[in-house]
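K.L.:
Chain residues, written in single-letter form:
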Amino acid sequence: MINQKTTWKQTLHALLYLAPMMILLTIFFLYPILSTFVMSIFKNYDFYRNVGTGVSLTNFIYLSKDPLFHRAVINTFVFVLGVVPASVIISLGISLLLNRFKKVRSLFQTIYFLPYVTSTVAIAMVWVWIYHSDYGVLNFILGLFHTKPIGWLNDPHYTLLTLIIFSIWKNLGLNIILFLVALNSVPRQYYLSASLDGASTWQQFTNITLPLISPTTFLVTINAMIASFKVFDQIYVFYHNTAGPNNSGMTIVYYLYQKFYTENNYPVASAAGVVLFVIIIIATVLQNYVSRHYVHY
Amino acid sequence: MSKKKAANILFFFILLLGAFIMIFPFFWMISTAVKTPSEAATVPPMLWPKHPHWGNFVDAFKSAPFARYLFNSLLVTFCTTAAQMFTSILAAFAFSKLKFWGKNVIFMIFLSTMMVPIEMLIIPNYVTLTKAHLINSYLALILPWSASFFTVFTLRQAFNSVPPQVYYAAKIDGASDWNYLWRVLVPICRSSIVAMSILEIIASWNDFLWPMIVTNDANMRTLPVAVSSFSNDVGTNYPFMMAAATFVVIPMIILYLILQKYIIQGITKGGLVG
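Those sequence lines, one after another, are chains F and L.
According to this note's numbering, the residues represented by the first sequence are 1 to 297, in order.
According to this note's numbering, the residues represented by the second sequence are 298 to 571, in order.
Please keep in mind that the hints were generated in silico from the structure rather than gathered at the bench.
Subject to a maximum C-alpha distance of 20 angstroms in a straight line, what follows is the list of computed DMTMM-like cross-link-like pairs (lysine to aspartate or glutamate):
no. : chain 1 : residue 1 : chain 2 : residue 2
1   : F       : K5        : L       : D474
2   : F       : K9        : L       : D474
3   : L       : K428      : F       : D46
4   : L       : K394      : L       : D470
5   : F       : K148      : F       : D134
6   : F       : K43       : F       : E263
7   : L       : K400      : L       : D474
8   : F       : K65       : F       : E263
9   : L       : K428      : L       : D514
Bound conformation, chain F alone (with noise of 0.2 angstroms):
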């Protein structure tokens, strides 16, 4: 049994076994990749026939003049280098005061997570109010150290701001669990023998933790950014279905919804999704390149 070969009997049998997974994947994951590819490329689609005429480059033509695309690619960036340099920053200095604390280590764990569980939709409802400019938490609490009130939700300067706030707060606890988990792994002998050696804290930071953990700083940081590059549901709420004060909040994937939704216009739409994953697997690709330097496996 052990050494036998592959028949088609037994291929026949895994089949089986894998036809449910196969068939709906095909439907919903495989086929859509292919056909956004294809209707990016045709010059007009016919909904009602599911069917493009006109093979051309001029979707992609399009995006490349279009000044609201244009922002669209610019602010997610913006927002992508907004959230994930400080998130991994600050959840990997929040891990590491945990570790000092063991006693209430979990219980602190449990309140850093809530956010991550939470729906996006309802939480962010509730941070309109705290975001609010004259009723505002956030605004008030400002005023006690003589800040003027900001207008998060309708000055177009702080749009930007306003989402990366909310979204550095909303996945903090996710980096803070893998950062734990890593920082539990380096073996408790190389910081004994390294202080024998007279190493100080900082030394055996730099030179024991994080290599040890690089492999997980490397994780959360590609982590943070494909879920960075996609963000949608905050927008939508701050700025009830429209993409803040002068579009300020326009990122690919709220181009992407307009274009569909809103407009129905399917093959633009197409061609910006496309966009977003060659994005997504060049930044990807790069990390990895990045990775292979300075990460330690």
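Dock chain L against the given chain F, drawing on the hints supplied.
P.N.:
Just chain L now, with coordinates in the frame of chain F:
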């Protein structure tokens, strides 16, 4: 020594402040939900109303068909999770224990789907379901999420960790593959299956973009979609909005508090949350 103590006090204070920031929006949600609209809009903000209006929750629940939305969310979440676990357990078993032609090719093809942003797939899936006349149906909400290769991948890892000898022993005892899978493998890997189920329950309960797109009929809305449109209807009645938000948030928090061990296990075992 006292320097170290001072540092510890400072660090503890930072953690405490952080925990306060994490939990405050939830407190504020409940606190606002039990205020009158005018109490909600006072400057300085009122931390907790003198006479909390707990009846606001009842009024908000009755002011829209929230019972129906709750039922929709429960049904969709239950069916999606059950279907996803069923299809994933079968597939993970085949990849882990069975021999067949094309195993690696099939595995790699489906593995590559994990890289694709789901947002990119909503357009063709919407077209497919429209053609099948399934828009505004439970099937539209459930079917696309009834299989996930991430779950297959994670369960396969769990199944792989069970020594092959167990499989051969069961075979010698005359167990069929089907019996071995459900009577031996699934019970052994119970904690991984529970962990993946909870992650899917959370994802399904909180999903927004897809349910919003495939439901135009108000009766078919799930809670997050219903709550976001409810907030447009009640305008500036923040206590009502906060009460509605509570309906979506609280069930997942309770689930998390009860089962957090498994949730954390699911995240750290899977390693990736995509």
